[in-house]
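Got chain H; can you put chains C, D, X, P and G on it based on the hints?
There are 6 protein chains.
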Amino acid sequence: MYKRGLFLGRFQPIHNGHLQVIKSLLKMVEELIIVIGSAQYSHSFNNPFTSGERILMIRNALIENNIDISKLYIIPINDTNDNRIWVSHIIASTPKFDVVFTNNKLVFRLMKEFGIEVKNTELFNREKLSSTTVRTRILNNENWEELIPKSVSSIIKEIDGINRIREIGFSNLKK
Amino acid sequence: MYKRGLFLGRFQPIHNGHLQVIKSLLKMVEELIIVIGSAQYSHSFNNPFTSGERILMIRNALIENNIDISKLYIIPINDTNDNRIWVSHIIASTPKFDVVFTNNKLVFRLMKEFGIEVKNTELFNREKLSSTTVRTRILNNENWEELIPKSVSSIIKEIDGINRIREIGFSNLKK
Amino acid sequence: MYKRGLFLGRFQPIHNGHLQVIKSLLKMVEELIIVIGSAQYSHSFNNPFTSGERILMIRNALIENNIDISKLYIIPINDTNDNRIWVSHIIASTPKFDVVFTNNKLVFRLMKEFGIEVKNTELFNREKLSSTTVRTRILNNENWEELIPKSVSSIIKEIDGINRIREIGFSNLKK
Amino acid sequence: MYKRGLFLGRFQPIHNGHLQVIKSLLKMVEELIIVIGSAQYSHSFNNPFTSGERILMIRNALIENNIDISKLYIIPINDTNDNRIWVSHIIASTPKFDVVFTNNKLVFRLMKEFGIEVKNTELFNREKLSSTTVRTRILNNENWEELIPKSVSSIIKEIDGINRIREIGFSNLKK
Amino acid sequence: MYKRGLFLGRFQPIHNGHLQVIKSLLKMVEELIIVIGSAQYSHSFNNPFTSGERILMIRNALIENNIDISKLYIIPINDTNDNRIWVSHIIASTPKFDVVFTNNKLVFRLMKEFGIEVKNTELFNREKLSSTTVRTRILNNENWEELIPKSVSSIIKEIDGINRIREIGFSNLKK
Amino acid sequence: MYKRGLFLGRFQPIHNGHLQVIKSLLKMVEELIIVIGSAQYSHSFNNPFTSGERILMIRNALIENNIDISKLYIIPINDTNDNRIWVSHIIASTPKFDVVFTNNKLVFRLMKEFGIEVKNTELFNREKLSSTTVRTRILNNENWEELIPKSVSSIIKEIDGINRIREIGFSNLKK
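Here the protein sequences come in this chain order: H, C, D, X, P and G. So the first sequence is numbered by my numbering: it starts at 1 and just counts up by one. So the second sequence is numbered by my numbering: it starts at 1 and just counts up by one. So the third sequence is numbered by my numbering: it starts at 1 and just counts up by one. So the fourth sequence is numbered by my numbering: it starts at 1 and just counts up by one. So the fifth sequence is numbered by my numbering: it starts at 1 and just counts up by one. So the sixth sequence is numbered by my numbering: it starts at 1 and just counts up by one.
These are calculated hints, taken from the structure and not from any lab test. There could be a bad hint or two in this list.
Anything over 10 Å on all C-beta distances counts as not near chain H; from chain P, calculated [to be verified]:
| no. | residue |
| --- | --- |
| 1 | K23 |
| 2 | S24 |
| 3 | I69 |
| 4 | E117 |
| 5 | E127 |
| 6 | K150 |
Taking beta-carbon pairs under 10 Å as the criterion, some of the chain P residues facing chain H (in silico) [said to hold, decoys possible]:
| no. | residue |
| --- | --- |
| 7 | Q40 |
| 8 | Y41 |
| 9 | S42 |
| 10 | S44 |
| 11 | N47 |
| 12 | T50 |
| 13 | G52 |
| 14 | I159 |
| 15 | D160 |
| 16 | N163 |
| 17 | I168 |
Coverage of chain C stretches by chain H, computed from C-beta distances (three or more under 8 Å per stretch; other residues unrestricted) [claimed, not checked]:
| no. | region |
| --- | --- |
| 18 | 44-53 |
| 19 | 57-70 |
In this text, all values refer to a predicted model and were calculated from it rather than measured experimentally. Beta carbons: idealized from backbone N, C-alpha and C, even for Gly.
Excised from the complex, chain H in its bound form:
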């Protein structure tokens, strides 16, 4: 049992696979820090939602899934574009943690070089359950709601997120 673990993602948006991972991690840690990466980006196909919107989605998804949010921290962190200082940036932005969970190869390597314990997470139906799939289905008007919690699809509709993704589409004038 770890005292405090750290789980990173961009959560664009949070989907059912994320929730299964979080549930399984909560069996291994007393407290879990959920880091929302690339917090400064929004309004692009890869990062449609602001960090404020993502905080709300994650929170409501956790509550909908009866996850005890008093054991969780939700912390947005900007990309640094400088890998050399990225781990320090994470450490200074979060309460002290003793393990990191990630399937991102770069994050894995950076944490390991820093001397931090790092583990892969289980993958739940990865080929289907990914944020990219959710966004692509929104773009193509396919069934995207089955992949995410109801509370998250509510927020996406409320903030006019479907039109946001469709109007911007793959336009990548700005990141």
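Structure of chains C, D, X, P and G alone, referenced to chain H:
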């Protein structure tokens, strides 16, 4: 009753006055966003603690005071050094809010110009209860613990915060 | 009739299509703000010219076309790489405007979300009249001068712009 | 007679002394570039107005004074906080110039070291005519309107600038 | 004979071709400045090594090749992402130089526009001897050590550089 | 005996006290890294010289003092304005070191918190031998040359440094 309010501070560190304000605000809003400003600064006399340390202090202080944290968001936000875009930065980094509470004149003005409802907060024993007083007492080896929750003074001791403040002192080589 | 409209482009370089748009917009607004976007970039194939050079080109093109420049503002604006604060950045950098003209989908969406009136512009012979076509023809030694005002081709020659584009070519070591 | 001169200021706000300088410079140059420095700052006592507001003030002040704006460029430029590259930043942001007019010692030195011709400007009643005096009088509710063109005081009132300066006052939480 | 020349590269890592160029340049200059470009990047396939690691590799490679390091300066310089001020950035970061050696088309053009003498370097077996080839061979487990000095392959092994490149691979989540 | 030590300063300019410290440190380490801090600042009273000029001064001062430069690294490093990541920034920018020498309280604290061994340096006639004293004497036309190596005063004269300091003086428009 407001749906969601926003309360800003640097929380260097959170003290009993902050907690009284938060309690009184929770009577006026359904949910409260606590924004930790100047999140990127630390290790100076004005900003001794990292944003990660401040998140932990605030969280534990709320729990110690039996405040229901499921109604609260704790969100760190960096200074922009560009007042022109600061309000947008706050809006994008937080769930939608309908009122801001602050006694900072600049924040008050910027929010008002943007068309956001903004209110002063009550001051509880302001001349004594301020983060500056806490830090100054730590520096001068006076009774600082009476001004802050027990859980916060625990964290300060655990992270060797007393020595951090005393060793750095008023050295202002770096902000 | 709008009091003040805003028209955005990178103007790398300004071409005859831009001028037709500006002329048609001037029938709809009392004053027009021409924003030179991506102002900080230069010396790449996509952005060969500095913002100073582009200001001069636009100014001379307007005068050559007998457009009354006392009704126009030419304002360079850097990209922010943070869509969340981009509209605020535009607002703070320009005199107050009441309508935006753009065919860029992202700009359109960002303005609309902010509550600003935004309209598409007419396209004049778009497949031929574009800055990309001008630059590609310069690279390939084809007839590029027919696409832009004489005063602009003069400036390009004077600043050795043809060789600049050809020597840099598609090299994209730096943006 | 110089072909194109460059005159720098922060214009917070433009006052009658600036206008006298501009008139006298226009006798020495064919075209004049007015650079609005520290463009990114606003909402502080030293820099109350945004660059967009300052552009509008300068433009209207010039027209009120019957200065031919077709001979003038008004170009906002952000501070770089890195003196080493500041001159290059100015050069890239403006049409080519052959002389700089300034009484700022640092700007004078930087331009001279770069090999650019640089001259002091005449001072017109400097002890009284300065932007600092204008702002201080606004703060103290003294006669500030006599120091600036009517069109500028109109804009200041229209954008609620008097209250902006008084409410922010000397608060310098943010630059 | 030039007094002081400047040679730019990213040196990811330094290879035998670089060393041949340096030796040949040392016949043309009294002193040589080796600029390590893109200094801020590391832990990506294109830029696996930090600037600190690259400084050490270059230094040891020079000593292994009996090059007199008292005639050399090794200076790391960050990318600016703003070509307009890049040459000034180089000038301010290095002792005065009178010639630049480069085969990079953009660097060549920027230096020439600034009025600096710039020359191509000889290419030694370019199709085989490149840093990209070294990194690709490391990735593919082919013979990479023959392309670089022994002291450099020692450092790469010591810092676990082979695994760093293989684990990160072509993942380009971050630059 | 340490393998590699790190010594930090701004070296505005390097003076005889610095050289005594370096000589004494070289008895304790096999190799010494001299970090030039605040590398991005220049042309102010506190930071008159560019990092390129400071590299040249340090190098020539070392040679004049018969110090073996093959045991030394001279590495310029920009301030980060974010203490949280500053140590990582230093580590990534330098070859691996096992001890830091500094009398700066903040640097001392930051290194210690990171788990790095850190020691104070001896002070040689500190009240007289400081860079601030050198600059103040230049400003006041007092004997400044006795405080620094001859090779350094040569460079200062060659780059017109005396006039640079006097003309800028205490003007602090820009840092």
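Structure-based check of each hint:
1. In this structure K23 (chain P) is separated from chain H by more than 10 Å, as the shortest Cβ-Cβ distance comes to about 31 Å.
2. Consistency note on S24 (chain P): stated as away from chain H, and its beta-carbon is indeed over 10 Å from all of that chain's, at 32 Å minimum.
3. With a minimum CB-CB distance of about 25 Å to chain H, I69 (chain P) clears the 10 Å threshold, and the non-interface call stands.
4. Remark: the non-interface label on E117 (chain P) is consistent with the geometry, its nearest Cβ contact in chain H lying 33 Å away (cut-off 10 Å).
5. Every beta carbon of chain H lies more than 10 Å from that of E127 (chain P), the smallest distance being close to 30 Å; the non-interface claim holds.
6. At roughly 24 Å, the least C-beta separation between K150 (chain P) and chain H is larger than 10 Å, which holds for a residue marked as non-interface.
7. For Q40 (chain P), the interface hint holds, since its Cβ comes within 10 Å of a Cβ in chain H; the closest pair sits about 5 Å apart.
8. This hint holds: Y41 (chain P) has a C-beta 7 Å from the nearest C-beta of chain H, less than the 10 Å allowed.
9. The interface hint given for S42 (chain P) holds, since its Cβ lies 5 Å from the closest Cβ of chain H, which is under the 10 Å cut-off.
10. Proximity of S44 (chain P) to chain H holds as hinted, the smallest CB-CB distance being about 7 Å (cut-off 10 Å).
11. Restraint check, N47 (chain P) versus chain H: the minimum CB separation of about 9 Å is within 10 Å; hint holds.
12. A least Cβ separation of about 5 Å between T50 (chain P) and chain H falls short of the 10 Å threshold, and the interface hint therefore holds.
13. Restraint check, G52 (chain P) versus chain H: the minimum CB separation of about 9 Å is within 10 Å; hint holds.
14. The criterion of a C-beta within 10 Å of any C-beta in chain H is met by I159 (chain P), whose closest approach is roughly 9 Å, and the hint holds.
15. About 8 Å separates the beta-carbon of D160 (chain P) from the nearest beta-carbon of chain H, less than 10 Å, and the hint is met.
16. The beta carbon of N163 (chain P) is positioned within 10 Å of a beta carbon in chain H (closest approach about 8 Å), and the interface hint is therefore held.
17. With 10 Å as the threshold, the beta carbon of I168 (chain P) comes within range of chain H, its nearest partner Cβ sitting at about 6 Å, so the hint holds.
18. Note: the region 44-53 of chain C has 4 residues with beta-carbon separation from chain H under 8 Å; the three-residue rule is met and the coverage holds.
19. Counting residues of the region 57-70 of chain C whose CB lies closer than 8 Å to any CB of chain H gives 4, so the stated coverage by that chain holds, three being the minimum.
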